Structures are given as structure tokens and as C-alpha cells.
Amino acid sequence: MSAQTLDMLHLPVNFHIPVTPQLIFSIAALLIAVWLIFSTILRYHWRNYGTGGVQVFTMNFFYLVGSFTLGGLMVISALLYLATAQ
Amino acid sequence: MIEINESEQIARIVRKHWFVLLSDIFVLIAFVAIPVIAIFLFHFIPMEKFFSFAGSEVYVGSFFLFAWLLIVWMMGWNMWTDYYLDVLIITDKRIFDIDQKGLFRRTSSSFRIDKIQNVTVDQKGIIQTLLDFGTIRLETAGEREDFIASYIASPYEIKKFINNFQDREMERAKLVHLDNESD
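Same order as they appear, the protein sequences are chains A and B. Residue 32 in the working numbering sits at position 32 of the first sequence; the count goes up by one each step and never skips. Residue 67 in the working numbering sits at position 67 of the second sequence; the count goes up by one each step and never skips.
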């Protein structure tokens, strides 16, 4: 089944979303806010209930490196989308 | 830190076997695979009917991919934290059983090591036997319910450790008692 086949089925399309850079940046801002709240709660648990200083340091290191990498790539993609927007 | 008195010394920290993390890892792999499946499905859906893109579709695609991976990353760390904080701590005076369920539910119970009357290990099935994990049941004096810790790694070794540790602590308590009497 291809896009053309789906087209021929004449399925009723009731929505159309314009994916603007503003929408992309709103989603990014929402996700970053969620990440900030989640990270605060998570690191609070590690600091207060963790069983070793070195372990907690290592977890913090990997968590932050991974988060900044993914978050950074997400923001760069959003900026490139903005740059290519007409 | 955990609610341990300053005078207490931590003798051992026991966690669940890594096998309990496997189901979580499979869930994460499935979540990571969702964008791959989505990219495949998008070939069959006339996207232009539902969405209009102001810029490059490649960049918007990569944005949603990384956003999704960030969500999965957070889910993974939530699962790890659940595992990491679920712990059995043996000190020179007490045993603490800390049960973490998600980020907002935590149960911590403890009892004195000299109250232990019996330590039972229960291994069920081929996986638990081959990978060496199981349930430890600690029976205590008094009307308290038994203390049960499931999926503990190397349970027989832990049992031996608790028994030896308890014997040593009781010997030491006896010596202190005799010293006090002779004074």
C-alpha cells in the first residue's frame, strides 16, 4: 500500500497542521522545561538516597553528557529548520 | 544519605540481580525502534495532507527524532534510578530494606540484626538457579512480619554473610557484657 493507494481510498482528512518554526521551538521549550523538572527530582533522589559518592558522580556525569548531547542536537535541528524556513 | 546513625558502619550494600533490568531494557529498545518504524510508515501516509512544512523536512524529522530520544533517555534513567535505589543495606547493627517504586513512592524498613532468627533463601526455576538470584526471607523475633527481599543477587552468599556477621556481632556483645560484669 503506497501513498497513492491511500489517496485513492478518499479517506476524510479533518486536520491540517502547519509545522512552523514557532511550533518546533514551543515543543523544544516544553521538553526542556520537563527535562529541568525531571533532572531536579532525579538528582535530588541520587543525592539524598544514593549509596556512594563516586557512583552518584558517575551517574550525574553520564546523565548530563547524554542529556546535553540529545538536547543540543534537538536545538540545532530546530535552528536549522528555522534557517531553511521560507 | 539514608537514615543510618552516624555510629553505624555499613557492612554491605545488596542490590537486585541485573536480570530484573532486562524487561526495562527491552521496553527501551522498543521505544528507540518506534522512530524507525514511523519513518517506514510515513512512506505510506500522504504527509502533505496532514502537515505543511515551512522548512526542510529533514531537519524537522531530526528534531522530532532527537526530542523522542531525549524522552526515552529520561525514561531509561527513571528505570535505572528505580533499580539503583531499591537496596538492602546491612550495617553492624541493623538491616535496612529500601523499596523504591518510581520517583514518588519509597518504603524504608529496618530491624536489628540480633533479632534475626532464621534466614531462608528461595530460588525458583532454571533462570534463577543458573543466574544465581532469588528471594531472601528473614524471620525476626516478635510479632513482626517476615522481611522479604526478592530478586537478590547471590542470595546464598548473602545468607552466609548475614549468619557470619550476626554470629560475630553476638560474640562481641557477649564480650562487652562480660567485660562490664568483671568491672
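Since the hints were made in silico from the structure, they are not lab data. Source: prediction; values computed, not measured. The C-beta atom is built at its ideal place from N, Cα and C for all residues, glycine as well. It is possible that part of the hints are untrue.
What follows is a list of derived Cβ distance ranges for each label pair [claimed, not checked]:
1) B:R12 / A:A83: 54 to 64 Å
2) B:Q123 / A:T20: 20 to 30 Å
3) A:H16 / B:A33: 26 to 36 Å
4) A:S26 / B:V32: 21 to 31 Å
5) A:G52 / B:I34: 26 to 36 Å
6) B:T107 / A:L79: 13 to 23 Å
Reference listing, derived: stretches of chain A covered by chain B, where coverage requires no fewer than 3 residues with Cβ under 8 Å from a Cβ of chain B [stated by the list, open to error]:
7) 57-71
8) 74-85
Which chain B residues face chain A? A few, computed with CB under 8 Å, are given here [as the list claims (entries may be wrong)]:
9) F50
10) S56
11) L69
12) W77
Evaluation of the provided hints:
Distance hint for B:R12 and A:A83: a CB-CB separation of about 56 Å, consistent with the stated range 54 to 64 Å. A hinted range of 20 to 30 Å for the beta carbons of B:Q123 and A:T20 is inconsistent with their spacing of about 59 Å. Take A:H16 and B:A33: their Cβ atoms lie about 29 Å apart, and the range 26 to 36 Å holds. Checked against the hint of 21 to 31 Å, the pair A:S26 and B:V32 passes, with Cβ atoms roughly 25 Å apart.
One distance hint, 26 to 36 Å for the beta-carbon pair A:G52 and B:I34, holds here, with the actual separation near 34 Å. The hinted range of 13 to 23 Å is not satisfied by B:T107 and A:L79, whose Cβ atoms lie roughly 46 Å apart. Judged by the Cβ-Cβ criterion of 8 Å, the segment 57-71 of chain A is covered by chain B as claimed, because 6 of its residues qualify and three suffice. Under a criterion of three residues with beta carbons nearer than 8 Å to beta carbons of chain B, the stated coverage of the segment 74-85 of chain A is upheld, 9 such residues being counted.
Interface hint at B:F50: satisfied, since its Cβ lies 6 Å from the closest Cβ of chain A, which is below the 8 Å cut-off. Proximity of B:S56 to chain A holds as hinted, the smallest CB-CB distance being about 4 Å (cut-off 8 Å). Annotation: interface hint on B:L69 holds; nearest CB of chain A at approximately 5 Å, less than 8 Å. Against a cut-off of 8 Å between C-beta atoms, the interface hint on B:W77 holds, since the closest Cβ of chain A lies about 6 Å away.
Consistency with the previously given hints fails for numbers 2, 6, ordered from lowest to highest.
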